[in-house]
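J.: Chain by chain, the residues:
4 protein chains.
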Amino acid sequence: MADKKSIRIAYISENSTNECWQFMSELAAEDIEATVFFYDKDKQASVTNETIGNKLREQPENKANVIYIATDTLDEALRDADFVILSLSVGTLDEIINDIYLPERYGIVQATAESAGPGGVIRALRTIPACVEVAEAVKKNCPDAWVINTGNPMNISLMALREGYPEIKAFGSTNETFAAAELVAEFVSKDSNLPRVHRKDIKTNLLGINGFCWFDEVTYQGQDVMPIYRKFNENFAANGFEYHTGEFKSNPKVSGNRVKFDMFLRYGVIAAADDRHIAEHCPPWYISTQKTAGNWKFGTLNANYLKRLRVENQAHSKKLMNGDSTLKIAPGKSDLINQMKALMGLKNVITNVDMVNDGQVANLPIGCIVQTNALFSNNSIKPVLSGKLPDEVLALTLRHTSNQTTIMRAAKEKDLDIAFNAFLNDPLMTLNLDEATTLYTEMLTGIRSHLVYYLNN
Amino acid sequence: MADKKSIRIAYISENSTNECWQFMSELAAEDIEATVFFYDKDKQASVTNETIGNKLREQPENKANVIYIATDTLDEALRDADFVILSLSVGTLDEIINDIYLPERYGIVQATAESAGPGGVIRALRTIPACVEVAEAVKKNCPDAWVINTGNPMNISLMALREGYPEIKAFGSTNETFAAAELVAEFVSKDSNLPRVHRKDIKTNLLGINGFCWFDEVTYQGQDVMPIYRKFNENFAANGFEYHTGEFKSNPKVSGNRVKFDMFLRYGVIAAADDRHIAEHCPPWYISTQKTAGNWKFGTLNANYLKRLRVENQAHSKKLMNGDSTLKIAPGKSDLINQMKALMGLKNVITNVDMVNDGQVANLPIGCIVQTNALFSNNSIKPVLSGKLPDEVLALTLRHTSNQTTIMRAAKEKDLDIAFNAFLNDPLMTLNLDEATTLYTEMLTGIRSHLVYYLNN
Amino acid sequence: MADKKSIRIAYISENSTNECWQFMSELAAEDIEATVFFYDKDKQASVTNETIGNKLREQPENKANVIYIATDTLDEALRDADFVILSLSVGTLDEIINDIYLPERYGIVQATAESAGPGGVIRALRTIPACVEVAEAVKKNCPDAWVINTGNPMNISLMALREGYPEIKAFGSTNETFAAAELVAEFVSKDSNLPRVHRKDIKTNLLGINGFCWFDEVTYQGQDVMPIYRKFNENFAANGFEYHTGEFKSNPKVSGNRVKFDMFLRYGVIAAADDRHIAEHCPPWYISTQKTAGNWKFGTLNANYLKRLRVENQAHSKKLMNGDSTLKIAPGKSDLINQMKALMGLKNVITNVDMVNDGQVANLPIGCIVQTNALFSNNSIKPVLSGKLPDEVLALTLRHTSNQTTIMRAAKEKDLDIAFNAFLNDPLMTLNLDEATTLYTEMLTGIRSHLVYYLNN
Amino acid sequence: MADKKSIRIAYISENSTNECWQFMSELAAEDIEATVFFYDKDKQASVTNETIGNKLREQPENKANVIYIATDTLDEALRDADFVILSLSVGTLDEIINDIYLPERYGIVQATAESAGPGGVIRALRTIPACVEVAEAVKKNCPDAWVINTGNPMNISLMALREGYPEIKAFGSTNETFAAAELVAEFVSKDSNLPRVHRKDIKTNLLGINGFCWFDEVTYQGQDVMPIYRKFNENFAANGFEYHTGEFKSNPKVSGNRVKFDMFLRYGVIAAADDRHIAEHCPPWYISTQKTAGNWKFGTLNANYLKRLRVENQAHSKKLMNGDSTLKIAPGKSDLINQMKALMGLKNVITNVDMVNDGQVANLPIGCIVQTNALFSNNSIKPVLSGKLPDEVLALTLRHTSNQTTIMRAAKEKDLDIAFNAFLNDPLMTLNLDEATTLYTEMLTGIRSHLVYYLNN
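Chains as they are written, first to last, in our numbering: chain P, 1137 to 1593; chain C, 1137 to 1593; chain Y, 1137 to 1593; chain D, 1137 to 1593.
These are computed hints drawn from the structure, not numbers from a lab. Keep in mind that a hint or two might mislead.
Intra- or inter-copy, both count: the list cannot distinguish identical chains.
What the hints assert, rightly or not - With a straight-line Cα cutoff of 20 Å, these simulated EDC-like cross-link-like pairs (lysine to aspartate or glutamate) come out:
#, residue 1, residue 2
1, Lys-1326, Asp-1337
2, Lys-1276, Asp-1167
3, Lys-1469, Glu-1318
4, Lys-1548, Asp-1527
5, Lys-1477, Asp-1360
6, Lys-1469, Asp-1337
Modelling step: build the complete structure from the supplied sequences, incorporating the hints.
T.: Laid out in structure tokens, this is it:
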């Protein structure tokens, strides 16, 4: 790949807006020559992104030589691609809102309903057919391409891609550990009265699964800074640590880190994902009600927020289209471009990745999807050996890896009764069997158009 | 042992009545020469059993030559014992009732509170010191004795015995799989219009843990009778199968087997323990409320039942003492005597046993306590290789083996905060962290006299 | 099977004489009703056995009701069989002699050339096609039959049967551990001045592979008799222990047990197979030359012995045919009939068996063929958990399990170059690559008629 | 460490000359401030190196600020060290020659006698006490130092360091894979008519153990170049590939790569160590006699070579001392300095390392010493997950890991009879037990001054 004059990127999206803008603006900051082919079931979305993307070349800070092209079909977008980027949020706004509100009517509160919780199971069932379809098309059009999934449910998406095409070179790229590393950096700065230590200078050993992952080593310049973290953790455990007091009330993506602190005191490892994801992967300890979540100082996704976001995105989109606004070109907030550059042979990168466990997490099952650090180099990703999860964190994690296995078996056997076992076993499921059955049926009914896949047997 | 004229048995009890009577009456049916030494913190209990036991020799059906002696100290009872039988129910009636009712005030219904559920955790914490004490005394007085635990919590008791004396030759003996085997026998009889097939003629492959164990093979005369079981299961799934309609309402030990049937249809394996135990090891699917349990046709332990049982036992005890009643001498309803005879070298016995997993259950952790079939022979127990639990049953089981490990770590490190992690992780725990903390504190307060052990560090 | 009036047995032989006579005479001692169908490529062998077998009914000690029938085809013999007994010694007398003498010309001495050594590899290559053929015919004619292999190479035969029909219910039955158990019994008798202790009263824990297996526990009446064994071992290590002094010089099947004693002192476990087999599975420690073997007091197979045996068998056969001699009817020197009776549901039997490792030997690879004790009951064989081999015995054993895997891969891929890797890796192989290549080619040439199987790709 | 003005390095040597010169000249090429403390039992060696080292500062190409100091004691050298470098060749010239010649008198030819072969076992026994002594001193003087072993026997040395101080941060650094990578580079150059491709541009997946390790992936600029390697391998298999024809005859460190080619054709993986080491870890396939070794075109170590080397070194040493010659200052032929710089936090380095297997080689035992790639960063080494060895290579490798375990058990239990089991099991051992015993005794006698360690029990 390294000697290619120009690379081909397929960008496959569904209900994704901001992610694509971020990708394009980061790409514009690099000295890269590429053609990006968009495919979205909503053709208008592709066309909009094509227009916005092609305007970037006119900005003076642009360094890249990238052409954006909206395509009509998945095959067309994928043909001979070097990279395939997936930004899929499968489901309409109504369906996503259902993922949250139907369980809530039965007393089950969720924070994101993206990967875990009853909503997470339903979202998984919806996402699998889309991923299988992409994987089959990858097999046909670009079997050697690196396929990078960026959306949730991460683990199920990667498993479904492999279901569709077992040899697929797929991995997951997210920023989910950045905030936790930043928090460590913040504490190290505070402790040493140093000027702001940068997140990237905190070296971590990372292990776990997407949405429920952990640092069990944190060093700064080769020194163990876990004792510093512990000191601040103890200070802030009761009231949390917020960059902007109360922000979590309006923005469900921020938190006061109280869940993180509680987990650390309990298990001795630093939650590397956001509080809302960590809380949602546990029993209802932190999220039995909206009030409980509030006490723990993290927000939960809700219809108002989602609708507001959509309106804002549409407005911003219009401005970007007609030139009233421009995307800010800035390098590498995410790791995605770095990972791609490493795979192109331009440098080595060590960063977090979601991929199949071949033993990099020693006490999780071989074959499940895990998140650890890995070495990205020319056309190669090698996970770094990451050790073992603490016993009790392991037990909590195994519930999810087991459920994910169950959901995939349901997909393979096209049997939604099997998936119900995962629904039942989710840690947030506190209902009895009859109620759970009713809820499951209601939720399936709400996404029935996606269930054709499960009838083909 | 085989050439001994007479064996020495230490019978260590606490709040145990019926179990001892059953043991003595079964022993009387055998051609065995033994001295049984009783030890109970309540000396009067030992004296009563001594009197009742020694009367057995006068009954014409008695075949044994057994002398019963009440002792004052644990050491005295254990000295040079060949067998040590533990029948411990640690805690006063009030404490046992608390195990059930305190959680119920928070909405957590339990069926027995013996091994799982919040009550199970508390009972474990109470039982560990007693077992460690016995183990240390065994080490001193009879290091080569076989130590047979018969009470709950089985797994924690065996782990605690090993904590006190790592080389202890301990195993667990229960009858908990008999009813399930009997049910298979019943269906085989019905199917074939054969006269009553006996439970002992149903051969099973057994695997799992005490209270949550499974048959994945059932044969009769070498033929697979799983298809017969399935047929009857499907017929009875909706309304259950009861020997005496509605009996579960007054006797918490019987059930309509609906939980068993539901589990079979879901996972393809036959629950080998009672419905109430199976239900209690799961999330609140079958037991979210007393009403739910009723719908699933199994009873739950309650104060009235326990009190009535005590009164009846006391009355019966008085009659046995003064000769107004006698114990019925009958061979081997339980397997305990058979196991002892095998260990004495009198025959080989294949039966279920609770012991350390050395791989007999291939997908449970090495070192946890499992229940499988084993070969008992002269001074030897060898587990039979029993295969793997189905994926989803495995996931449910791992929650308990993990919790048991956590509880034992709490005992080793004398840190009740660690045990709280097991309390939190119990499948029946649906409370948030604050409520769970409060309940845990209340429950610990209720057993504070037993917690001295955890302060010694 | 248990309720069958009469069972059907297929007895498939090749170059086997004595084994069949022993089987028939043991069968005659049992209260069993059966029809035995013989198949041998040499039809005359079947007819002879038919005649001899049917004469047994006339002897007064006969208890069985067995009819023997010689068949023309494998299919005919197997049709609807309940049991299939394999007694295959694949190869002509010349070929078997070549297995021994060709390597010896290069300085490689072997004791049996049955399972290990260069001759063992060649014999394996010859045996695989025969076993695959039987397995495919079993699949067609009697898929549920128990298939019992009695000949060498045991492990390869069982692997080849599974290659031909993966679901085959096959196991290996041998007497190879009897002599070692008898030796323990002998020492226990001597030690205690007891009248002769019987081999069957020595209980063992057995683990390893056919030809290279071990007792790591030996008890008599529940007591550990390892210390007694050690005492006698030390006494006899230097000069060996023989029942008949010097017998090993004329009978290659007996030994002075010196290899066994040396191994015990080195590794602490009792070799459960014959000295000649144990020696042959090691590097040339005990068998670098015929003289070395002689010093260690075990015989080695040779052409004279084989030829004499054939002549004797032919003479005896003639006498049996014409009534000048009769087979002695005597129960169960071997375990074969016992195992069959257990599988018929007539009793439970614990005995040694060769079968797939599902974890019964914890540190040998899952899926290789191991020898341990197992519980035989109605239509079921369950291995008893047998623990771990000592580190250094493990290392020696892994060489053979690895070689067997290589040989089977050669068979699957029909590639004799792969099998050469096993030939090279055999512990007795001390040649350099060129010499080894030459020897391999010579030996293959000698069995070329059997190699058609490996050309079909 | 990163913010230290100056680092402290302890350089512990024994019979090591060239290695130290190379280290000093590479260090001089770096912008590093350090004090290096020498310790050698031969004080004169330290003084010589001190003088030679301190002259480097005067050379114009010198970039470093390094002071060299000869010390009198191990403790003095180690005090507060940041790095400890071990360059131990334990034994006199006579002893090393004995390692080779005593076995050869019995017909056992070795190529280096450093890690494997009978000589390797003896050398291991000699080396263990020296390493244990260093480790105990590290524990006392610089418990957090990184301890870098550079000499053979690598695996035993690292195991012995851990025996002396289980928490030691030790790893092995060698160049042994460079030549194999260079060969791949050579073939890629030839194939593409490119100007010389550099070894560092060949990316490999490396796995195995020191002296017997393998590339199972080789890429150049992200492209798989295994097919190119195969093509050239096939061309050169018969006659080898030499940079200088016949050089192997006079220099035992070079070879015609015929062993490498033969192994590749047999197993499909590229031997990453030198032919002589690979050959010496196998049975006598390539090295049954000196002539066989010659046919395979690799040299074997011999007394003349060793003596000549010593004379040359002494002469060169004298010249360096009196200024008639200077060391050539040149950066990083080895990886040692790079690894140190990475551990100091100056950069990230991916390179090969010998360290404990925590799963980086999935089918070698956990806890043995393996060689794979690893990520070196600030005060941290994380192995990269490296997959599995092919079945047959695994079998060959397990012989050595098993033997190393045996040797270490001998050291722990201070029992040279245990070590004899490793001696017996070495793949080159073709003797019978009596001869092997005699040879072992002779060889032990030859190093009796080193055996005090084994008598202390």
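J.: Each hint: holds or not?
T.: Here is what the structure says about each hint:
| no. | hint | in the structure |
| --- | --- | --- |
| 1 | Lys-1326 x Asp-1337 | within (15 Å within a copy, 42 Å between copies) |
| 2 | Lys-1276 x Asp-1167 | neither (30 Å within a copy, 53 Å between copies) |
| 3 | Lys-1469 x Glu-1318 | within (13 Å within a copy, 38 Å between copies) |
| 4 | Lys-1548 x Asp-1527 | between (31 Å within a copy, 15 Å between copies) |
| 5 | Lys-1477 x Asp-1360 | between (30 Å within a copy, 18 Å between copies) |
| 6 | Lys-1469 x Asp-1337 | within (14 Å within a copy, 29 Å between copies) |
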